[in-house]
Structure formats: structure tokens, C-alpha cells
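So the sequence lines, in the order shown, correspond to chains A and B. Residues 43 to 161 (the working numbering) are what the first sequence spells out, left to right. Residues 43 to 161 (the working numbering) are what the second sequence spells out, left to right.
Quick caveat, the hints were computed from the structure, so don't treat them as lab data. None of the values given here were measured: they were computed from a predicted structure. Backbone N, C-alpha and C define an ideal beta-carbon position, used for all residues, glycine too.
Listed next, the stretches of chain A that the computed footprint assigns to chain B, with coverage defined by at least 3 CB atoms under 8 Å from CB atoms of chain B:
no. : region
1   : 86–92
2   : 95–104
3   : 109–122
With a cut-off of at most 20 Å between alpha-carbon atoms, the simulated EDC-like pairs for lysine to aspartate or glutamate come out as follows:
no. : chain 1 : residue 1 : chain 2 : residue 2
4   : B       : Lys-98    : B       : Asp-128
5   : A       : Lys-99    : B       : Glu-117
6   : A       : Lys-98    : B       : Glu-96
There are 2 protein chains.
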Amino acid sequence: MFRNILQDIVEQSEGGISAALMGYDGIAVDQYEKPCEGIDLQLVVVEYANVLKEVKKTVEILETGEMEEVAIRTERFTVLIRALNDDYFVTLTLLRDGNFGKARYLLAKESSRLREALA
Amino acid sequence: MFRNILQDIVEQSEGGISAALMGYDGIAVDQYEKPCEGIDLQLVVVEYANVLKEVKKTVEILETGEMEEVAIRTERFTVLIRALNDDYFVTLTLLRDGNFGKARYLLAKESSRLREALA
Numbered sequence: 043m044f045r046n047i048l049q050d051i052v053e054q055s056e057g058g059i060s061a062a063l064m065g066y067d068g069i070a071v072d073q074y075e076k077p078c079e080g081i082d083l084q085l086v087v088v089e090y091a092n093v094l095k096e097v098k099k100t101v102e103i104l105e106t107g108e109m110e111e112v113a114i115r116t117e118r119f120t121v122l123i124r125a126l127n128d129d130y131f132v133t134l135t136l137l138r139d140g141n142f143g144k145a146r147y148l149l150a151k152e153s154s155r156l157r158e159a160l161a
Numbered sequence: 043m044f045r046n047i048l049q050d051i052v053e054q055s056e057g058g059i060s061a062a063l064m065g066y067d068g069i070a071v072d073q074y075e076k077p078c079e080g081i082d083l084q085l086v087v088v089e090y091a092n093v094l095k096e097v098k099k100t101v102e103i104l105e106t107g108e109m110e111e112v113a114i115r116t117e118r119f120t121v122l123i124r125a126l127n128d129d130y131f132v133t134l135t136l137l138r139d140g141n142f143g144k145a146r147y148l149l150a151k152e153s154s155r156l157r158e159a160l161a
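Generate the whole structure from the sequences, applying the supplied hints.
As C-alpha cells, then:
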């Protein structure tokens, strides 16, 4: 059930290569990916869990309200991360020239479906 | 000299409340802020240095090219962070309903001025 939603996100996005539903412990519940050379998506997922844990901690310390979304842009990719609840988040990796605005929209829209599926 | 650039970024942005030029060690070189209740901007700056260090490490491990930009959106604020070189980065904190696209544009544009000033 998660896989279908993740696939929808990747397929509907422009430039999306993978999406994952994961826990803050770095373990992916499910993921969907298009074949892509030169990137170990499994590793990506685990590493970004560490980043998000740090962001979550920071946001809690700063009391700036719940964390909603994190975007990381590098020379090759943009990774968009959206918090779902206290335990899980969803990531979408885009090629650098992918449509960032549409990716944000899709991730926000599908978050509620993922939250329902998790409940 | 840094202060003027940081002030330009905040004043030209829509919804910007502070900008800081900082090192990955969490020490601000300079910062400019508008008065804003309920947030300790000094603390924000130090905490986001930790986040960015984690992101930088992750990006290096993943070999997805140099880190360029990180955006963190919470219930109250959006923090936009842009890497300048191996030692320094610039942050812009926006109110949640601020203009995100314009903020990204301004930060990218003024990054070259900051880099020149740092050299």
C-alpha cells in the first residue's frame, strides 16, 4: 500500500528518481525508485535519517514549531523530506533540474494518504 | 562590510527577519536581525550550524556533489541556508508566510558578494 503511494509521487513528479517512507531510526518502511546510475539510494535513505534527526532535535530546542519540511540541494540532486508524525517521514529525491515546486506540492498532498496508511 | 550585505538580504526579502554569516564551528562572523518576539536568534544560528555540519557530512558520504542549499520549514519559520565555501555559510530566516522563492533568489545572488568579501 505504501509502495503505490511512493510510486505515484515519483511518477507524477518531474525529475523524481526515488521516494521512501522511513523511520527516524534510518530504517525504510518502503521505497520506490527508478534505476539511476551513480547513487546508492539505500545509503541515501539511511544518511538522510541522520540529517533529519539532527534537524528535529534543533527544531525542538528552538521551539519554532513542529518541523514540516526540509530540502537539500546539491550539485546533482535535490532531496525533499517531509515529516509525517513523530516516528516517520517521507523523502523524494529529484534530479537537480527537476520541478522543485511540483515536488513540494506532491509530497504535501500525498502526506495525508501516507499518514492514513500508517495509522 | 558583511553587515551591509546581510541587511540588504533581509530588507529586500519579503518576510525576512534575520540573516547571518557563519562558520561551521557555530560562530557567527556577522549578523543582521529585525526585532522579533519569541525567538532567540543567537541560539538559532548555533543550532543550525550543527544541522549543516550533519548535512555536509552526509553529502560528502553520498558523493552527490557539493552541498549548495538547505531549507527547513517549521510551523513558524522557514530557514534558508546556503553554503559559501568549506568554512562558511549564510542563513536567512523568514516568517512562515514569507516569499520563499525570492529569498532563494536573493541568497544565491548575494552569495557571490559574500564570497568576495570573505576572500
